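Using the hints, position chain B against chain A.
Line order of the protein sequences matches chains A and B.
Here the first sequence is numbered in our numbering, starting from 1 and rising by one per residue.
Here the second sequence is numbered in our numbering, starting from 1 and rising by one per residue.
Just so you know, the hints here were simulated from the structure itself, not pulled from any lab data.
Model, not experiment: these values are computed from the prediction.
Glycine included, C-beta positions come from ideal geometry on N, C-alpha and C.
Incorrect hints may appear among the rest.
Covered by chain A, according to a simulated footprint, are these stretches of chain B (three or more residues, beta-carbon under 8 Å) [stated by the list, open to error]: (1) 51-58; (2) 219-226.
Residues of chain B placed beyond 10 Å of chain A at every Cβ, according to the derived structure [said to hold, decoys possible]: (3) Asn301; (4) Pro466; (5) Pro914.
Protein chains: 2
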Amino acid sequence: MMYNTSAGIVPGKINVHLVPHSHDDVGWLKTVDQYYVGSNNSIQVACVQNVLDSLIPALVADKNRKFIYVEQAITHGFFALLSFDFLLEINGGMCMHDEAAPHYIDMIDQTTLGHRYIKEQFNVTPRIGWQIDPFGHSAVQAYLLSAEVGFDFLFFARIDYQDRAKRINEKTLEVVWRASKSLGSSAQIMTGISPKNYEPPSDNFYFEVGDTSPIVQDDMNLFDYNVPERVNDFVSAAIAQANITRTNHIMWTMGTDFKYQYAHTWFRQMDKFIHYVNQDGRVNALYSTPSMYIDAKYAANESWPLKTDDFFPYADRENAYWTGYFTSRPALKGYVRTMSAYYLAARQLEFFKGRNEVGLSTDSLADALALVQHHDAVSGTEKQHVADDYAKRLSIGYTEAEKCPLLNISYCPPSEVDLSSGKSLVVVVYNPLGWKREDIIRIPVINENVTVKDSKGKVIESQLLPLLKDSMSLRNSYSTAYLGKSTNVTPSYWLAFSASVPPLGFNTYIISSAKQAGYESSHSGMRTVYKSQISQNDTIEVGPGNLKLLYSGKRAKLMRYINSKTSVNKLLEQSYIYYRGDDGSKDLQPSGAYIFRPNGTYPIEPEGQLSFTILRGPLLDEVHQRINPWIYQVTRVYKGKDHAEIEFTVGPIPIDDGIGKEVVTQITSNMISNKTFYTDSSGRDFIERIRDYRKDWNLEVNQPIAGNYYPVNLGIYMKDNSSELSILVDRSVGGSSIADGQLELMLHRRLVADDNRGVSEALNETVCVFDKCEGLTIIGKYYLRIDPVGEAAKWRRSFGQEIYSPFLLAFTEQDGDHWANSHLATYSAMDTTYVLPDNVALITLQELDSGKVLLRLAHLYEIEEDTDLSVMSSVELKKISKVTEMNLSANQERAVMEKKRLVWRVEGSSKEQPTAVRGSPVDPAKLVVELAPMEIRTFVIEFYSERGSFSDALYRRSNLRRKATFSLP
Amino acid sequence: MMYNTSAGIVPGKINVHLVPHSHDDVGWLKTVDQYYVGSNNSIQVACVQNVLDSLIPALVADKNRKFIYVEQAITHGFFALLSFDFLLEINGGMCMHDEAAPHYIDMIDQTTLGHRYIKEQFNVTPRIGWQIDPFGHSAVQAYLLSAEVGFDFLFFARIDYQDRAKRINEKTLEVVWRASKSLGSSAQIMTGISPKNYEPPSDNFYFEVGDTSPIVQDDMNLFDYNVPERVNDFVSAAIAQANITRTNHIMWTMGTDFKYQYAHTWFRQMDKFIHYVNQDGRVNALYSTPSMYIDAKYAANESWPLKTDDFFPYADRENAYWTGYFTSRPALKGYVRTMSAYYLAARQLEFFKGRNEVGLSTDSLADALALVQHHDAVSGTEKQHVADDYAKRLSIGYTEAEKCPLLNISYCPPSEVDLSSGKSLVVVVYNPLGWKREDIIRIPVINENVTVKDSKGKVIESQLLPLLKDSMSLRNSYSTAYLGKSTNVTPSYWLAFSASVPPLGFNTYIISSAKQAGYESSHSGMRTVYKSQISQNDTIEVGPGNLKLLYSGKRAKLMRYINSKTSVNKLLEQSYIYYRGDDGSKDLQPSGAYIFRPNGTYPIEPEGQLSFTILRGPLLDEVHQRINPWIYQVTRVYKGKDHAEIEFTVGPIPIDDGIGKEVVTQITSNMISNKTFYTDSSGRDFIERIRDYRKDWNLEVNQPIAGNYYPVNLGIYMKDNSSELSILVDRSVGGSSIADGQLELMLHRRLVADDNRGVSEALNETVCVFDKCEGLTIIGKYYLRIDPVGEAAKWRRSFGQEIYSPFLLAFTEQDGDHWANSHLATYSAMDTTYVLPDNVALITLQELDSGKVLLRLAHLYEIEEDTDLSVMSSVELKKISKVTEMNLSANQERAVMEKKRLVWRVEGSSKEQPTAVRGSPVDPAKLVVELAPMEIRTFVIEFYSERGSFSDALYRRSNLRRKATFSLP
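The following block holds chain A by itself, in its conformation from the complex (with noise of 0.2 Å):
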């Protein structure tokens, strides 16, 4: 029997567009290579290869039918086979990134790499953005990776469900999405949210191998004929959804995620459903792609509502946010951080080495940091086995270029050498940001006396600090955990010292026996070892500059902020808690990997004096607080720095109780912030977020506490009439503000149930030495200011991409002074008069397979954030032989996308902005680029000579990173 599957769109009728798709996320339950070959089938059902394998006859033997697939990271290279354009038309990255956790940095960057390798191999621009499994939808997804990549239309499922029910009420679930205040309209998608989820409209609809949905049985010669009622049942689903949306046009998600792996089964359905139901003619249906879908709305002339802001928090149900995974698996949220700093750097000088003459490459490390941008990645909401796959891609992607992956946990053997045996320890700091910049950089060392000399020879300014007994029992028992063997050289101290470094470039120190350099460890200045006297009553005051931390001696408690210099004087207290996880004994709704769901709130208080020490020198004053035996504390003022620094070391939690425990640190002051908070969105846009409330809709309040929750990856803050506080994070957590002057950022989950959300796990991560496995111990830091009111956004923006960017450090040794006589000390990429301005960074800067090189730049500042940075800006290129502006992805020319970019026409004309300012197009001739607030310009560029007038200078010197070893700090 053949069945007619050709029909099109047909006016006047509802048109059914069938889209048959899936995903396989690149690692959740199994890993991506698992999913790939289809192993570990008694973990889940799921085989990407049998998906592609049954999926190309399929098409092949009809072509009305289509298919849509997301996720190149687990497809790559297959449809080189055979293209069907429409298979690439939805996202194109690598994957279907996270859009709470991951850094918007990182989102382009996984974007971009999918985009481009489907231009290259296919000749093919994806124009939907399908973002559907998500669990929550950020502003930067909307306008920047969508918007700015040119996509005419973003797709997904899951918002809130008071949300859903209001927008089904009031057919406003295809809205324009206009996310960025800055860059208004000039920035916004239109967006279209799933009535129900992205699978098929009912449970009749499903047609996977063994699925249970009724089949069309239209084999007359057969018993169970039942061809009309199942058009009945397609008429009445497609009914039910035309009676929720606008224009004729509904589309059928017809799929789910795993699916197809006999793809067959699908379409013959789907065939016999097209070929009946359009026999029965009361709806239309069709094959179709979000793209023919789009087009067809697009086509309707309709005007649709506005939606600003984002789609934070998501809850499925009542008592069911999904705010837990904003901080699940800390480590590796933190170490996809690191990764993607050291990414961001690598590719830097990279690209001043020349990718063809060096073996490094960064290109592991680019496939490993896209793949875990994942949904079920850097979420944390996999599996524990996909979650090590996760990190060991990560860690074999850095490997191939470098050694010493653990100095994070005081880790580092070149530093660790004897210095005593009089050799030297050359230590190369490189600096990936724009701007010069001056930071500490702490070392660990064996010996006591030591000094440290700049590239010019001079001695400079350190301090010792010792290594606490805590520190070193979490280095010994991680060193074992992580590399098989416990370390045979015990470090005594952290040396810190001060290190300037210009824009784009590098600087050398060297430390040395201080005895062999010829000074006496007494030489004034050099290192200074204090520990605290505390008397009962007394305040104790820290820091060795303009910032001040007033502790209560008797409470070993931080009382009082301070800055003679702003003259801020806030009281200011700071505390743990944790709250009780859910065990699901209520309701089935624990908390778990996805879901928080608090069940009482316990304080932490801090064990008293025995368990606090304050280490005091000329750079910096350390307060160590033991606050119980399972968080510990180091508050860093720094004598050049107007912020606090916070190291926390949590774990194991201890859920010998049975309890799961969600450990938060609370940072309250006075200030009536009138439960309003801001919060980034992907690193990037500041919103506003009330306690409580919702713009888009009357929130029921069921959850007080996790559905305030918010993701952050840049930072959280508050402000009031006179100041604002501010506090900026490492890595993506979880933060709110529960109480008016407080705010809290939740730091490390340990949970004893499933959430039933798939996971099947519950939040569980050891650490395992031999036999021995206890809950994972997390480092991490967290940096607080106060600011005058409207004077906050420059710290929060420019130390922000400090954090983002931290310096690169490589070591070496040498006998007397021969690095120092044969290599360059200093340089620096930029001619020596120029910086960035302080309101654009380069995000990019990547030798392209062309030989090109991709360029982009980012104004880091919104409009109105800051009286002299909400400001066009503009950057000189120079030597540089041809640019071309792109889009985000780089897949296209920025004009070429400007051009067919479908205008979408917004409900009431009160609701239209002025057009938002933006940068000019480049002109050839002066190379300036402008960039407006908010604005990311991306460029791909060629240069006059055959590497570039960036690294110029280091290619004459190439021989210097041959014996380097880059580290990370």
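Only chain B this time, still in chain A's reference frame:
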């Protein structure tokens, strides 16, 4: 990556024959149609269309790949698209028939239907018997349905676990099976028994979509590369199997039932195994088929152990004897037998009439009957809704030609016409046997004053028997259940008279009102109703002829069997018991649809005199016994018959007490049977059974009752020095002799637990009238006779044939003598001077589509079974232009089959028998067919005239059957 799958057989190595296969039961948990289209997947994931759709591309993709599939019924027509011979080489019947419940005639018919279809459509002749799933294996399957069909090999998997263990130990899993005493080595078959089951050799080699076996991960670019491990797994499994197998050839059955839903998933892995295992080189792996395998075995020129008798009963583990299904669904088994008989007769009539000249066709019934021989159909091991589907198909097949299917529960509208209105009832009685025959016919009538005339108008003796209350209430209830309405006319009597019909012919009887016919109701001997008078201490003698049954009036029980003609005089008791079906509480092995697991024996005592009624008359006496509220029994002794007929009505079996019950009738004598009894093999050969003993191994007895049960299709008997006690049955049942001198039949079973073999339903048949459901009540018969020793075979064989082929009745009405004057009243298709020899039956007479005729003649006796009749017999054919002897399934000429048959050597020359006696080839000049004991010979014959001489007479009066309605007694 291309895999080298071209390996053939490699001498000197272990050759692992990978035989990709599956079978989709033609009904089990789902109906045959549901399996085909893949509906009702919530019960079971199975879709034959998926198998077929995915298989052909997989086979086309690599010509080395193979696949075998059975059960033509479910794939009918599909292979027309594309034929791979190997797809069709196994079985080739419409189904993989059961071997316990089907009658050999049904087995032949269904195999013939499939074989001729395959031959005509694809010119393929299957070579291999592939009975992998049936639950035990019959001698008839071996020598008739394998050897006589022309197979070179029979393969199956299910044998007793103790037997298998011994065979594994002794390397005797492959045997020459010489199953017929009479035909000996002339009908033996090489037989292979799987070492475990019909699945891959270990749990590690299953590759269905969703299976969890480790795939061969051979992509070095991905993690988890496992080629060496998987090759080792393969080699280990091969060596393990080679160690228990003769020759270098082992077969791996790569698949199982309902698999290859997406065939590619299997072939992809097998491709890899063949490629890498052969690269490894320790063993040789190849795509193969049973044909390739067996040819390789044959080439090894090995001698093989000999096996005789059969493989019943089957236990898959301790306490798990699959002997319950011998009786499961006795109503379905009865319906199948009734339809089988009707089909045999209907084909004769169809041939007489000519297939093309009449609307009546037996094709649907042929299909339905073929289908229901399936090993989860007549076996009674399907789900209830599937059993209903089989019954529906039989009913439709029957209804396509005829009406009135409910005569067997005393509902037959044509015969219930009120004859007082002046009309007469015309009964045309057809005799499908090749012998002249007399039998008592019973018809329900309303009036008391009726008379019966023969075709010459002569009034013949008749007898009225009142319809008793119990029978009436059952009739009303079942009429409502099956017809949806209660009957509007209530018959009062059974009218009994003796009909005499020539071979392959009919006779006509006219029933009219006695008054109208001029006879008074007092007319002597015409009809008589007696009610017995019972006195307390009486011995009551029952029976108007030679046979007398003596009852104790006091005990209301049978006491003695006396035949004055044969001088048999035996103590004889008959009783009912029930076995309590085990509920699985001990060891999770309940009694169920498959398994008989008794847990206690409970006698059922008759209720006493009030339930004991005797009806006497000139033709027969009836003893009515209400044994208990749910067992009713009528024993009939006919004047002209030397056996007793017992009609039992059993049900609804009560299970209100939560206890399943398996109802058994026991016949107890004082014979010294010495543990020995005999049961037929599929209705043909009788096989000696010895209680608690197996010929092939030392039986460890753990189920002294269930382990001694055997299937009974024709009958069961025992003997001692003086006499033989035989019981013949009207359908397939389970039977045994649990005590010396005693035989028993299990008549009905109703159980409360599933026996964990997949059907997932307790065997609890119910019948619903409107919303009220109660347990199924069945009515059946068995026949009992005691003969002097050595003289019993004649009755068993001749009367057995009469039971299988009862008279076929057609009814019409006439006013006055209209019918009699216009129609031929009596007829025989045979020359009036000829009947078939007493030891030969005509088992097939069927017009083929080609106009040719299929004729099968069966010798009914085994060697040494009867002094007079176990001899060569001959049948003369006349007026035939051409006769071609065929193999049993008529898909090849017998001579061709014999010529190409492989001749296997048997171990030990002493086991070689003298060549069996067989009939000579038919001389075309003489047209005499010789038949040796147990020989069945199959011919395609052509006639000189268009219609053939058999039907000449009938053809001239073809209007006869236009008005007649054929019915079933």
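Going through the hints against the structure:
1. 51-58: Check passed, 3 qualifying residues.
2. 219-226: Holds: 4 residues of the segment 219-226 of chain B have a Cβ under 8 Å from chain A.
3. Asn301: holds, 43 Å
4. Pro466: Given a closest Cβ separation of 42 Å, the condition holds.
5. Pro914: At roughly 53 Å from the nearest Cβ of chain A, proline 914 of chain B sits farther out than 10 Å, so the non-interface label holds.
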